[in-house]
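Q: For the record, the sequence lines run as chains A and B. For the first sequence, the residue numbers in this note's numbering are 36 to 393. For the second sequence, the residue numbers in this note's numbering are 36 to 393.
Hint data in this document are derived by calculation from the structure and do not stem from the laboratory. It is possible that some hints are incorrect.
Any copy, or any two copies together, can satisfy a pair, since identical chains are not distinguished.
[Said to hold, decoys possible] As a list, the in silico EDC-like pairs of lysine to aspartate or glutamate whose alpha-carbon atoms are at most 20 Å apart: (1) K118 / D205; (2) K84 / E311; (3) K371 / D205; (4) K84 / D197; (5) K371 / D94; (6) K118 / D135; (7) K84 / E258; (8) K118 / D366; (9) K84 / D372; (10) K118 / E105; (11) K118 / D372; (12) K118 / D51; (13) K118 / D81; (14) K84 / E291; (15) K84 / D104; (16) K371 / D197; (17) K118 / D94; (18) K118 / E291; (19) K84 / D326.
Just so we're clear, the structure is a prediction, and the values are computed from it rather than from any experiment.
There are 2 protein chains.
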Amino acid sequence: MPTAQDLSTLYLSAADVARLVDRLGLPACLHGVAQRLEHDFGRWTDFDKTARVASHSPDGVIELMPVSDESLYAFKYVNGHPKNTQSGLATVMAFGVLADVATGAPRLLASLTLATAIRTAAMSALAARVLARPGSRTMALIGNGAQSEFQALAFRELLGIDTLRVFDTDPRATAKLLRNLHGQGLRLVVCGSTAEAVRGADIVTTVTADKALVTIVTADMVEPGMHLNAVGGDCPGKTELSADVLQAASVFVEYEPQTRIEGDIQQMPTDFAVTEFWQVLAGRRPGRTSDTQVTVFDSVGFALEDHSALCFLEEAARHLGLGDRLSLVPDAADPKDLFGSLARPAATHAVRPEALAA
Amino acid sequence: MPTAQDLSTLYLSAADVARLVDRLGLPACLHGVAQRLEHDFGRWTDFDKTARVASHSPDGVIELMPVSDESLYAFKYVNGHPKNTQSGLATVMAFGVLADVATGAPRLLASLTLATAIRTAAMSALAARVLARPGSRTMALIGNGAQSEFQALAFRELLGIDTLRVFDTDPRATAKLLRNLHGQGLRLVVCGSTAEAVRGADIVTTVTADKALVTIVTADMVEPGMHLNAVGGDCPGKTELSADVLQAASVFVEYEPQTRIEGDIQQMPTDFAVTEFWQVLAGRRPGRTSDTQVTVFDSVGFALEDHSALCFLEEAARHLGLGDRLSLVPDAADPKDLFGSLARPAATHAVRPEALAA
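Work the whole structure out from these sequences, hints included.
A: Here it is, written out as structure tokens:
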């Protein structure tokens, strides 16, 4: 429990997090976050969970994602503005906080744009390690934007994927992916369409960004035994898989109340059967039951993943000595005397409000 | 709209906000925030509103309070841990963020512990200016803790209250209030009970902190024409007024869906009639209609008040040149290439995860 003496908050800027990832190496970060995800999803019932709170506007969405267990409270602020890239801004910008449940004191504030990409990819790979056919080596990667390389490396690291069949409607995105993944030990096959990329793949990962009900994968593309990792469909009105793909598959989700609103299953009746992934990890529900079954991980991104990422960042930053301190909380001599911490206010205005408005 | 060049976030620490309040003077801040509150509550329908998202634990609560209009998104993080003062921590610690709706970029991160006290007091006084009898000069102040002096000065500034009848179950709290309000132009009458303090008052302000269904004000204490400003009852299980006080009064609230859960009206049937304060400001519903009517402002604290406070802080900090800059958002050369902003990761682990766990 913090005392009045150590009320400062560890602050990890975007540059600090990039430095942290560079120092540890992205593969170690993917493994480290995946380990924490497995641990945290394994103790699912310890957490007080809420579907995220979204505020939609014409150009995007801003969301708050809180979650807590008995000792730590975490939340993430995250936006999604696909048009941002036109003005040189990232589509997704995020930061998050860890606080002590016992006192409410904020202990960590961290930029989470990079960590969101890492935890999303680690979560996808963790789910696929449980749900995809053993021995999966080839992955189709549909959508070659900001998240795509993280998915590629997470699947290389956690599943041993060695071949990527890549496609994007924007050839510049694919060119960027090829540049970034050069020399990473992955065989890269550039395809001319989603159907071509999907053909023969063990795993199909969709990470497209359009905020629209777009059908990326249709039933005719799906082969027996495939695992579909649907990452891009993550808010109301944004889907990637056609309804008949979902109908013919076993669908796994993070947190059902949130995925019903945001995931690909928003197209389906509310009684469409899904399994929460933690139940498979805990041995309460089966995952894949045959080599011909089609499995879908309808990923939308859940607050618990950010909790895991924030804990990973906090530990790694302490280990590496990274970050600064912020004073978000007043360091009052007497916490019952907030007023006494101010200089004595004059009985009349020091500055008239009109002067301030000027 | 920010560009890649100015993506930093203005940061106001707890000390910066205290400096800001000291420089302007608390009275000017109370007036300035009240002006913004009146403006923002006057355009109520411009805002996308949500009841705050609360996470309860045995010792307290942590809440997120988002609100947005078409240009600005605001949220506050705030806790309430009454036992904190035993270990030298404040009961309430808060910080908040303003972000651009058009892009999702965070433009301000500010400590809000002090600003929460100011906006709560300004909101109380604004409501009382509309709802209390004209010419009110005497206020009972029940609960003499961290919020009490702010209430006292807000009512002095905005209503011309000149006499306070004060009571707290803890005499040390009252002694602190007397010390802090010495020389502020207020006549201070120390009372031995709530009933004594309330007697003859025009306005009764309750700012008690116990997280319990405590009855502070009962029907026998209430006199015709009084205005009750119930500030302390602000979460489930925490009330201050007895049900028959509410029954006999006209009750005004900030945002009905939230107050039904958190306010003193949590004791009442769900169809108990209340009026949202903005409707009175907008002339859509009557406020006080007679000199004998008892009015209650059942205040719980709504996100819009923090939006107003954050906007006030941002403008004042710019005016005074206060604050630092944070980099919460990566300043990527190519926003579609998050991966490319990292140093090229090695194909094998730079640091093995086991080494990190050590």
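Q: For every hint, state whether the structure bears it out.
A: To see whether the hints hold, each was checked on the structure:
1. K118 / D205: within (15 Å within a copy, 57 Å between copies)
2. K84 / E311: Within one copy only: 13 Å inside a chain, 30 Å across chains, cut-off 20 Å.
3. K371 / D205: Between copies only: 12 Å across chains, 59 Å inside a chain, cut-off 20 Å.
4. K84 / D197: For K84 and D197, neither the intra-copy (36 Å) nor the inter-copy (48 Å) Cα distance is at most 20 Å.
5. K371 / D94: Intra 44 Å, inter 17 Å, cutoff 20 Å: inter-copy only.
6. K118 / D135: Only across copies: K118 and D135 sit 14 Å apart there, 36 Å inside one copy, limit 20 Å.
7. K84 / E258: Neither: 35 Å inside a copy, 45 Å across copies.
8. K118 / D366: Between. Shortest inter-copy distance 17 Å satisfies the 20 Å Cα cut-off; intra-copy 42 Å does not.
9. K84 / D372: neither (35 Å within a copy, 32 Å between copies)
10. K118 / E105: between (39 Å within a copy, 17 Å between copies)
11. K118 / D372: between (47 Å within a copy, 15 Å between copies)
12. K118 / D51: neither (27 Å within a copy, 35 Å between copies)
13. K118 / D81: Neither: 38 Å inside a chain and 24 Å across chains, both beyond 20 Å.
14. K84 / E291: within (11 Å within a copy, 24 Å between copies)
15. K84 / D104: Result: close within a single copy only, 9 Å intra versus 27 Å inter.
16. K371 / D197: neither (61 Å within a copy, 24 Å between copies)
17. K118 / D94: within (7 Å within a copy, 44 Å between copies)
18. K118 / E291: neither (29 Å within a copy, 36 Å between copies)
19. K84 / D326: neither (33 Å within a copy, 48 Å between copies)
Going through the hint list in order, the structure does not satisfy hints 4, 7, 9, 12, 13, 16, 18 and 19.
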